[in-house]
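**Student:** What follows is each chain in one-letter form.
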Amino acid sequence: MRRLALSLTAAGALALAAPRAAHAVPCDQVPGLSNPVYLQVGDTQLSLMKRLGRAMRDNAARPVSMIFTTSGSCTNIRAIYDRTPIAAGTNVQYVPSIAENPTWDPATSPTLTCQVPTGGKVPDVANSALFGSACTTETPPATVHHARGPVQAYVMAVPKASSQTAITFEEAYFVFGFGMAGMAAPWVDESQLFIRTVTKSTLLAWAANISVPADKWKGIRRDGSSMVVADLESSTSPEKALGILGAEVYDGRRSTLKSLAFQARGQWAAYWPDSTPTSFDKKNVRDGHYTVWSPTIWMDSEAGGAPVNADARYIVDLIAGRTVAPAPSFEVIAVIAAVGLTPDCAMGVTRGFEGGPLSRYTPPESCTCKYESLVDTSSCATCTTTCAAGVCRNGFCEVR
Amino acid sequence: MPTTRKMRALLFGLALASAAACGGDGGARPHDAGVDAGGPPDAPCSENPQTHAEIINACTTAQKIIKKPTLPLLNQDGSLPPLPP
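Residue numbers (our numbering), protein chains in the order written: chain B, 6 to 405; chain S, 117 to 201.
Think of the hints as simulated: they come from the structure by calculation, not from any bench. Take every hint as true, because none was put in to throw you off.
In silico SDA-like links for lysine to any residue, alpha-carbon gap of 20 Å or less:
{"no.": "1", "chain 1": "S", "residue 1": "K184", "chain 2": "B", "residue 2": "R270"}
{"no.": "2", "chain 1": "B", "residue 1": "K221", "chain 2": "S", "residue 2": "L189"}
{"no.": "3", "chain 1": "B", "residue 1": "K221", "chain 2": "S", "residue 2": "L199"}
In this text the structure is predicted, and so the values were computed from the model without any measurement.
Using the sequences and the hints given, assemble the complete structure.
**Tutor:** This is how it looks when you write it as structure tokens:
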């Protein structure tokens, strides 16, 4: 767990840093960048792209070069629905293989940059960090394949110097729906409310959870998570400052920020995503005590029921926790846990739409024991092949 | 130990176990604007949650915050006024 905390903190320190952009050349002219897959993802997924990108470059059985750019979830959905290309010349990011740079660390090293080649490139994979229905109610094109990936939690964060520890649904409604007029002390200064633009999952997820439509929010709208982080860290009124972030972005900034426990409508107490303010176990996300989360959705194109780009589908299936062939040379669940996301197979609750009611959920193939061993400690029995009760998977006796 | 004392001890033990399962505040409650320093008595938690309301209020050992903020615009019946246009 300590290793995970350090990893997340280090990731946060540099994951938001600008990629190394000097001498960017067209991606198709970068030596060694074989089997390229272009991804357009939410900026909350940057840490996942770096860590998974590194693993995929060195995935001996099936090496893939993940080339990615970040944008709002709703923009990403439109890009793959409408087949909107990433413009030629756009700087996009990738990571080096071990052979290219053995000391490169996904938690601390910047990404590398190349340019989208002539003609542009429709993303092979698009990601939204929330239910697609929060962006559009149109029926998805038959040519777009959807997979539900790990769960993404969202937090309200304050500077470390703030004395605040919790916010209720009603407070959040007045703070962000009314601004200064809401008189919800201490958050009564709209210049100290740091929010996101209306295509961003962080705002849309929170909007659905506090009953304030995204376009009605009061505060300073920022395009990137890194800007909200900077606003909070540099605030000269820490008691009044309040921002919204993806939980994994916050997890990497715990040395300078605090997240607030959230009390949902009809809830009797406020809870953090984790069982304590200092843990990383996402226990309250997994059991339903923390309600502000969305599944990540991963989309790739298909034709006649088959993937257009088999490498793209391989990545989507990996992220979604499906069995792939050939098996990867790394543990996908470890990658997901390390970047602060929660695999669906470790969830005990589910929902059908953004901010919708929670219901109990039993994943078809549970990985709760394994996940807990990565983010905390597991009390499950270990195994090699069989278990007295349950199923032996990933070295643990899972419930099913 | 007389039977009544045994019963009393048993009931006291059960009450303690129940309180722990419902996740007290884990000792010192952090200072927080609007937090009720004394805290209201714990609402009953659900041991076998099925509905949304039961799930979000299920018994847990997780750390929690009890907060009763002062919100001047809240309607007297606890409902929310509509958002400004």
